[in-house]
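Engineer: The chain contents come next:
Number of protein chains: 4
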Amino acid sequence: MSAGQAKRFVPAAGAFTVTLPIRFSQCDPAGIVYFPHYFDLVHACLEDWYEQVLGYGFAKLIGSGHGAPIVHAECDFTAPSRMGDRVQLTLLVERLGRASVTYRIVGHVDGYERFGAKIVTAFLALASGKAVPIPREIRAKIEAYQGAAQTSLN
Amino acid sequence: MSAGQAKRFVPAAGAFTVTLPIRFSQCDPAGIVYFPHYFDLVHACLEDWYEQVLGYGFAKLIGSGHGAPIVHAECDFTAPSRMGDRVQLTLLVERLGRASVTYRIVGHVDGYERFGAKIVTAFLALASGKAVPIPREIRAKIEAYQGAAQTSLN
Amino acid sequence: MSAGQAKRFVPAAGAFTVTLPIRFSQCDPAGIVYFPHYFDLVHACLEDWYEQVLGYGFAKLIGSGHGAPIVHAECDFTAPSRMGDRVQLTLLVERLGRASVTYRIVGHVDGYERFGAKIVTAFLALASGKAVPIPREIRAKIEAYQGAAQTSLN
Amino acid sequence: MSAGQAKRFVPAAGAFTVTLPIRFSQCDPAGIVYFPHYFDLVHACLEDWYEQVLGYGFAKLIGSGHGAPIVHAECDFTAPSRMGDRVQLTLLVERLGRASVTYRIVGHVDGYERFGAKIVTAFLALASGKAVPIPREIRAKIEAYQGAAQTSLN
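Chains as they are written, first to last, in this note's numbering: chain A, 1 to 154; chain B, 1 to 154; chain C, 1 to 154; chain D, 1 to 154.
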């Protein structure tokens with residue numbers, strides 16, 4: 001988080017990017033974002049991608065009897081963010097498995113990385129709590145997105 | 001998060017453990033803890049360890065002109081937790097660097113792991129935002145804790 | 001929130017009181033608790049009262065097909081609280097209606113009020129979303145608590 | 001929160017309105033927004049109004065040595081909101097005092113009220129913690145807004 005290690009990040013044209021404001025409520029007594037809130041931003045980006053790219057909101061997903069809980073999450077906090085910043089979050093699909101998806105979600109401002117997260121979600125049937133294959137309709141849309149956005153993953 | 005992969009976790013006698021309740025407010029529409037709240041529990045455990053083991057609260061740390069922001073955080077969500085659960089969190093020091101500390105914090109119930117997190121904090125001077133060596137007084141106490149708790153890290 | 005208006009609060013012996021720590025995560029860039037978190041503390045107190053006084057946890061309540069959503073909430077923030085404070089919350093039943101309960105929950109430290117909240121919860125059947133009378137078993141326990149704690153409401 | 005008491009709300013043309021999505025993270029195991037999050041939405045509306053109408057962000061306010069803590073907050077929860085809803089929040093200035101402002105902030109969807117909040121903020125000097133008159137520049141802008149939006153307060 002020190003100067004001199006600024007890290008460039010420029011998303012490819014086909015990659016999904018959403019802009020979210022840093023709120024007063026997300027900042028701590030040291031004046032910077034309290035780190036669990038970054039994961040909240042990351043999940044908000046995932047929700048918006050579901051809605052706008054897959055055309056399949058989280059409410060519909062849960063209504064269909066499926067859940068997509070996070071089984072792993074990690075994040076490098078490259079540079080701090082402060083109240084009033086507007087952070088862009090770009091979502092990339094790193095790996096599409098049979099029953100799980102690995103996402104890379106990068107927060108950036110003016111072409112420089114603020115944080116880089118990886119989250120893994122597993123599909124499961126809510127009734128049994130057991131892993132199930134990704135529904136065909138969702139898989140097809142994720143593959144289409146990978147085609148459009150893949151050049152931006154390096 | 002499926003049955004059959006239950007993972008045992010039993011902390012060593014010298015390890016710091018705090019018990020925290022899972023609140024209604026931490027659970028999502030699928031009935032389980034919304035994952036950023038696990039990082040909030042992890043940070044609460046770190047705060048309590050500072051206060052009770054190091055004898056040096058976060059308020060005092062920030063008052064002394066230092067910050068200890070999280071530069072990396074990750075977590076495996078081994079088994080879900082629900083409203084009403086009482087989760088035990090055990091803190092282990094995985095690595096004590098010159099200016100950073102790596103913690104392993106495990107959430108467990110009845111001897112089984114619920115989640116296993118790793119967080120890295122960097123010491124810095126709040127005024128300059130630059131990394132600084134861990135203050136001597138804090139380092140000595142962390143080393144003493146490592147001696148007492150180390151047998152539990154495997 | 002200025003000096004000179006410190007307000008005494010001493011709960012009666014029979015009143016339910018829980019002590020909760022003010023966390024780093026609850027404080028804002030001005031160094032004091034961000035106000036929605038006070039309502040979170042108020043709800044935590046209500047949850048603990050259900051569990052410890054009524055002997056009937058929220059998980060059980062929702063499992064029984066009932067909900068008790070908040071239909072009104074208000075709070076006066078008498079004096080600020082800061083990271084590291086340990087606030088006591090005392091719950092009083094102000095009014096027990098046919099299908100709703102009005103609670104007064106006061107946050108205090110060392111005999112002085114920090115905040116005074118009032119919340120109204122309505123009982124409803126989760127399936128229909130319609131108001132229902134308070135279940136007899138819960139009503140009897142609330143009445144018993146009122147008898148024990150009433151002298152402290154003024 | 002039952003049917004039959006739907007309450008119309010249509011803001012006047014000059015009133016500030018912001019649209020915010022209801023996130024997965026804001027909903028509880030009963031599937032509706034956990035009530036402290038409504039106050040978070042209310043504060044987000046206030047922040048956006050400061051930025052977009054007063055042209056004076058919260059970061060700048062705190063940077064100028066002032067704070068505007070909430071001294072009173074209340075809310076009626078008229079109808080529940082769920083994940084995926086997009087709620088409009090309209091801000092009205094109910095009273096402009098010497099050192100405090102009372103806001104009425106209404107959440108609504110398709111012309112019907114979801115919640116109606118009132119919050120009172122007091123201006124103070126951060127260094128002394130004492131109440132101070134509202135800075136002249138801010139007062140003038142609030143008065144101008146009242147003139148433009150007043151017809152919508154009834």
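It is worth saying that the hints were derived from the structure and are not from the lab.
Do not take every clue at face value.
No copy is singled out in the list; a pair is fine if it fits within one copy or between any two copies.
Capping the alpha-carbon separation at 35 Å, the derived lysine-lysine pairs in DSBU-like fashion look like this [unchecked claim]:
hint, residue 1, residue 2
1, 7, 60
2, 60, 141
3, 60, 130
4, 141, 130
5, 118, 141
6, 7, 130
7, 118, 7
Engineer: Could you run down the list of hints and mark each one as holding or not?
Structural biologist: Do the hints match the structure? See the list:
For a Cα distance limit of 35 Å, the shortest separation of residue 7 from residue 60 across copies, 27 Å, qualifies, whereas the shortest one inside one copy, 37 Å, does not. In this homomeric assembly, residue 60 and residue 141 come within 35 Å of each other (Cα to Cα) only inside a single copy, at 15 Å, whereas the closest approach across copies is 40 Å. Within a single copy, residue 60 and residue 130 get their C-alpha atoms as close as 19 Å, and across copies as close as 24 Å, so both meet the 35 Å cut-off. In the homo-oligomer, the alpha carbons of residue 141 and residue 130 lie at most 35 Å apart inside one protomer (23 Å), although the nearest pairing across protomers, at 39 Å, exceeds that limit.
With identical chains, the CA atoms of residue 118 and residue 141 are at most 35 Å apart both within one copy (20 Å) and between copies (33 Å). For the identical chains of this complex, residue 7 and residue 130 are inter-copy neighbours only, at 17 Å across copies versus 40 Å inside a copy, given an alpha-carbon limit of 35 Å. In this homomeric assembly, residue 118 and residue 7 come within 35 Å of each other (Cα to Cα) both inside a single copy, at 17 Å, and across copies, at 23 Å.
Against the hints set out earlier in the document, no violation occurs for any number.
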